Structure formats: C-alpha cells, structure tokens
Amino acid sequence: MRIERVDLFNFRQYFGNQRLRFSRHDEQNVTIIHGVNGAGKTSLFLALNWCLYGEGVDNIGQIISKEAVSRAQISEIVETRVDITFHHANKRYTASRKLIGQKQANGKILEAKNTIEFVLMRTPSSGIMERVDNPIGTMNTILPANVRTYFFFDGEKIDNFARPEQATEVEKAIYQVLDLETLTRAMRHLQKAAQDLRAQLKQVSTGELQKLVEEDEQARARDTQLHERREALKRENTEIQRHLDDVNKRLHDFESVQELQRLYNQYTREIEFAQQGLEKAVRTVRDSVSGSYVRLSSPSIDAALALLEEKRQRGEIPSNIREQFIQDLLTRQICVCGRPFEEHDDAFRHLTQLLKTATPTSLEDDIIDTTGRLRGLLDMGSKQALELNARMAEQVDWHDRITSLTAQRDDVDRQMKHADEQEARELSRQREEFTDDLSTNLVAQGRVEADLESVRARIKELERQIEQAKKSDKRARLLSRKVELAQKAADKIDEVHGTFAINKRVEIEQETRRIFHLLAWKGEHFQEVRLTEDYQLEVIDRYGLPARPELSAGERQVLSLSFITAMAMVAQREAPLIMDTPFGRLSSAHREAITYNLPMLAPQLVLFVTDEELRDKALENLKPRIGAEYRLHFNANTSCTTIEEMN
Amino acid sequence: MASLQTQIANLFDGIEPDLLDLVTRVLEIEKEFLHLERPHGVMEKIEEALDMVAQASIKNEARS
Chain A
3 MRIERVDLFN FRQYFGNQRL RFSRHDEQNV TIIHGVNGAG KTSLFLALNW
53 CLYGEGVDNI GQIISKEAVS RAQISEIVET RVDITFHHAN KRYTASRKLI
103 GQKQANGKIL EAKNTIEFVL MRTPSSGIME RVDNPIGTMN TILPANVRTY
153 FFFDGEKIDN FARPEQATEV EKAIYQVLDL ETLTRAMRHL QKAAQDLRAQ
203 LKQVSTGELQ KLVEEDEQAR ARDTQLHERR EALKRENTEI QRHLDDVNKR
253 LHDFESVQEL QRLYNQYTRE IEFAQQGLEK AVRTVRDSVS GSYVRLSSPS
303 IDAALALLEE KRQRGEIPSN IREQFIQDLL TRQICVCGRP FEEHDDAFRH
353 LTQLLKTATP TSLEDDIIDT TGRLRGLLDM GSKQALELNA RMAEQVDWHD
403 RITSLTAQRD DVDRQMKHAD EQEARELSRQ REEFTDDLST NLVAQGRVEA
453 DLESVRARIK ELERQIEQAK KSDKRARLLS RKVELAQKAA DKIDEVHGTF
503 AINKRVEIEQ ETRRIFHLLA WKGEHFQEVR LTEDYQLEVI DRYGLPARPE
553 LSAGERQVLS LSFITAMAMV AQREAPLIMD TPFGRLSSAH REAITYNLPM
603 LAPQLVLFVT DEELRDKALE NLKPRIGAEY RLHFNANTSC TTIEEMN
Chain B
14 MASLQTQIAN LFDGIEPDLL DLVTRVLEIE KEFLHLERPH GVMEKIEEAL
64 DMVAQASIKN EARS
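Protein chains in written order, with this note's numbering: chain A, 3 to 649; chain B, 14 to 77.
Same shape as in the complex, but just chain A:
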C-alpha cells in the first residue's frame, strides 16, 4: 500500500476542500508535513485513521469543521469527508468516509441516520473503476486495522516495545504483523469445526445401511429360491396334468367305463367352470369390501346429521332471519310494518344489529349442501351393503356347486375303480394318485406364492429403507470426509505455525539488531539485540550484560522503531510508515541516524514534524529523499488551517 493523496472536506480545522499529495517515488519516498504545535498535524493523522478504519471518532461533532457549521443555516445539511487514494497490488483504490449532519437551533450539529459512511472504490488494471462489495473486509486484507497501529503511529509513544513489561505487546505485534494471528485463528476454528462435525457424524452413522443391505441380499436369495421352487412345482404339476390327461384318455378307450369317463370329464369341466366362477366371486367380494368404507362411516355420518339437526332445532343454523331479507329492508328503508325509517333511526340501528347475527346466504347454502351430501353418502352405503350381500351369496353358491360336483365326480371315480378290466381299475387308481399329487402340489405352490408375495413386499420395503439409509450414509460419508479434512488442516497449520513463528522470530531479531545498529548512535556499546523465545526485546552491552533497563527514553524509542521496521521488512508488508512527531524526544545524533537510514527501510515515509525536531543535519539528511513537502498554516483569526505545498 502506498498513499497517493488525501482529500479533506470540512474536517476539523480544515475548512472546505484541501488536498495533500504524498510522494510515491521509489527514491524520493519521503513526504514531510511541517507544522507548529496545534497547526493540525494530529488532525491530519486522525483523518488517515478515521478514513481508512473509522477509528478515533465517536461522533460528528468531534470532526466536523466548526467554521462550516457556523456558516450553515439552521436545519442546513453539513458534511465532513476524507478521501484517501492509494495503490496496492497493482490496483488503485479510493477510500471515502463521510458523516452528514444537520445544524440545530442551538448551533450544534446532529448526525443524520442511515448514511453510507464508508465506500471503497477500486480501479484494476482494466481501468474501469468499481465499487468494492466488502469495503471493511477488503481494507483489512490490505492493511489490517490491528496491524495499522505499527505503521501509523505517534513517534513519542512508540517506546512501548522496549519496556520490560511489554513482552505480550511484542508477541502480539509479531502475531498480527506476520499473519500468525491468521494461522492461529484458522487452526482454532478448524479444530472447532472438526469437533462439531464429529458430533454430527455420531448422530448419523449407525451402520443401518449395512444391516439393511445384508437383509436385502438375504431376501433376494430367498426370492430366487422361492421362485425356483414355484417354477419346479409348476413344471411338476404340468407333468402330473399330462399324466392325468393321458390316463383319462386311456380310460375313455375302455368300453365298460366309457360312459363313466364321459361323466367324469363332464364333472371335471363343470368343476373347473365353477372354480372360475368362485374365483371371480371372491374377487368381486374383495373389491366390494375395500370400497364399502362409506358403510363403515355410517355411524359418523349419522352423528354429523344429528348434530346439524340439533343446531337447526335450536335455531343456531340457519337463523330465522336471512341476511338478504335484512339487507333489502335497509336498502328500501321501510319496516316490515310498512313504516318508513331513516338512517340513525332506532329501527335502522336495530336492523344493523340484527344483520350481524343473520346467516349469510353462502353459509346457509353450504349447510344445505352438506346435509344433502351426508344423506347421499348414507344412501350410497346402503346400496354398497346390498351389493356386498349379493356377491357373498354368489360366492357361497359357487362353493356349494363345487362341493356337489366334486362329490358326484368322486362317486363316478369310485365306480370306475370297480371296472371289469384290470387295466381300467389300475388306471383309475393311478388317476387318484395323480390327482392327490396335483392337489398336494397346488397347496405347496400356493404356500410358495404366498411366501414369494411376502418376500417381495419386504424387498420393496427394504429398497425404500435402503434408499433412505443411503441418503443418511451419503451424509455420513461427507461428514466423515469433512472431519478428516478439518482435522488434517488444523494439524498442518499447527505444524506450519510452529516452524513459521520460530523462523520469523529469529529473522525479526536479526533485522532489529541490524537496524538498531544503524539508528542508535551508541551502536558499539550495544553489542547485541535479542528477541527471546518468550518475546522479550533485550539489548546486551559490550560486557555481555542485559542493558535494557539502562536505556534512555530516546534509546527505547529507537529500539521500538528498529523493531517495528524490522517487523515490516520481515513481513514484506508494502505499507507506508507514517509517524507523528517522531523526533521530539530524540537527541540530534539519533535524529541524524534515523533521517539518514529510515527512508531506505520503508517503501513510503510520511513525517509530521515541527521545525524544531527537524532541522540542521537531520533535515539535510532527508532532503535528497523528500518527494513532497507541505506546511500547515493555522489562521488564528478564522481558526482554520490551510495546507501549503512547498517547493
């Protein structure tokens, strides 16, 4: 990130539009803003923090130009705004933050609600400017708000890192600037995700699918077995039937039993016909029973009719007075007795009241319709009952007929067993055996078919259950993969985090040492700078002894500055170093060392200085690196500051 320009509008003492252009030059990368105490350096510093991060301002009254408010009429809208244009990763951004207020009768300003405070525009390499959807998030990926404090700071207050009790601050700074915080959070959140997902997985995975699949396999094996058994029985029955036909045919050839055989065949045909009739009757009865729900509902229908009748007798439905009748009276404004009435009369009010209790025409129609339908259902039920009785009687008739025909055929069969011819008797005996076998087989076939029906119903049910379990299983599989990925990612980040933190701490230590030796004038005295494992910033003197407690305020400031610069360099963060009154507490030796070295250590350096803290050799050091220079002029007559660009 390199700042191109800052535009202020009615911001604090900066009345109207005012602009500063920061130098983005690689060599002349320093921008100096001169100003005496109270000229507006800190306001400018605040403008940067407020615009980019919305920080440092509680209400519009703290930042709006008092001059702008004083010039506004009562109820007039007044606006304060800061626009910052900067470059980052080959894109140009303009961050714009504003607040709008309305001047009140007491002269104060009241902030308007629902104004879009922060807007971030981006111009990619394509050149077409676009509005960024998530401006705060994007700004924080460019330079996070918590990291920003290590790049935009008050020079007089940066000795914190060098204080003995500030190890936590040092660690926090490293974590934030080096994105270790990102890794820590990612690891923590992934572990939490894995934990939550494990709990979910426990709930969905029960091994149900496996059990169902096993049962399905068994059921299908049984289906195959039964199917084969049924086919075998069918084949056997066909064979028996063929034998029977053969026996019957042969028996027909014997003259002595020819008539008996004819009768036997006739009874057999009639029995077959009767069996078909019986089957048909059974089907009809079954259908009638399944459709006679109305008959079964007749007690409920009777109860509903009785309820309606009771309400009718009590005059609850429909009421004696119809809605339409009252409406007509009200329209004609003539009473039933023939007397006219007018609106607001007692009669009018009475009729209006009655209208509320009158039965609407539609409701009355519905009641009549419902009663009719219920009675219709009762009739239908009666008809169904008669039909069912007739079909059942038919079924009984067919059954009786079969019994009678079978008895007659058995009688014929018995007579044939006493035939004159031995062979005819033998054939008759064989026929009996075949008939018995066929009967036994048919019973077996019926059982097999019943079993088959049951197994197939179970298979169908299992298919449904498996489909459902598969859905759960799919979820379990996905959850399981998610748990695995989340845990592995958390473990890997943990591993990387450890290695990265150690490496970076060592790199920062080396850089801090190098920079401190460049900036501190007593570089020879302070032999070593260490960043310990517990994040203590330590200075070792030439005697090998810890020297941090002896550091002066200026030296602590230099050590902190060295640490910040080292962090920025190690983090490879392309961010400007913006320092408010950086040299106030420093002696000339430190000022000279810093002004000489610092421009080389930061991509863009912006210094808000008083003339007193930047002069002589320090100013001379900076001059070749200055790309832009401004002076803030505070006008005591208007209490406003103007920005003057210096040549």
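Bear in mind the hints are in silico, worked out from the structure with no lab data behind them.
Just so you know, these numbers come straight off a predicted model, no measurement behind them.
In the DSS-like style, the derived pairs of lysine-lysine whose C-alpha atoms are separated by at most 25 Å in a straight line are:
1. A/Lys462 x A/Lys473
2. B/Lys58 x A/Lys194
3. A/Lys473 x B/Lys72
4. B/Lys44 x A/Lys174
5. A/Lys473 x A/Lys213
6. B/Lys72 x A/Lys494
7. B/Lys72 x A/Lys476
8. A/Lys313 x A/Lys358
9. B/Lys72 x B/Lys58
10. A/Lys100 x A/Lys115
11. B/Lys44 x A/Lys494
12. A/Lys476 x B/Lys58
13. B/Lys58 x A/Lys204
14. A/Lys490 x B/Lys44
15. A/Lys494 x B/Lys58
16. A/Lys213 x A/Lys476
17. A/Lys494 x A/Lys194
18. A/Lys174 x A/Lys194
19. A/Lys385 x A/Lys282
20. A/Lys68 x A/Lys100
21. A/Lys462 x A/Lys213
22. A/Lys490 x B/Lys58
23. B/Lys72 x A/Lys472
24. A/Lys93 x B/Lys44
25. B/Lys44 x B/Lys58
26. B/Lys72 x A/Lys490
27. A/Lys68 x A/Lys110
28. B/Lys44 x A/Lys194
29. A/Lys473 x A/Lys204
30. B/Lys72 x A/Lys204
31. A/Lys251 x A/Lys236
Here are some chain A residues the structure puts well away from chain B; computed CB gaps all over 12 Å:
32. Asn19
33. Thr96
34. Ser98
35. Ala234
36. Ala283
37. Val291
38. Gly383
39. Ala387
40. Val398
We put the beta carbon where it would ideally sit given N, CA and C, even for glycine.
For chain A, the structure is supplied; the task is to place chain B on it using the hints.
Just chain B, lined up with the frame of chain A:
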C-alpha cells in the same frame, strides 16, 4: 524475498491438493475477519469451504 502470503503458502507445499485447497480458503476467510475480535459468521464460512472441498474430494475419488 517473497511476500508473507507466498512464504506461508510455500510452507504448505507438498500437502495433498484437497488439503491445500481447504487451507488456502480458510486462511482467506480468516484474513477477511481478522480485524474483528469476535468474528461472527466465520464458522459458517469455514463450514461452507469444508463442504465444497469435501464434496469435490469425494467426486474426484469416485472418478479415479
């Protein structure tokens, strides 16, 4: 020297592609929420990322 992001990304070199995809997505999400001390919605976003990566991983497994 490579940028910090590249340095971090390099440390994940060699890990399986699904895991790398997930780590990259999660780090992006965390960066987006980094400025918030108590980020609301970060878990939902991580869950979404996990879901996408896990589904893609299962699909790839089925293909191979």
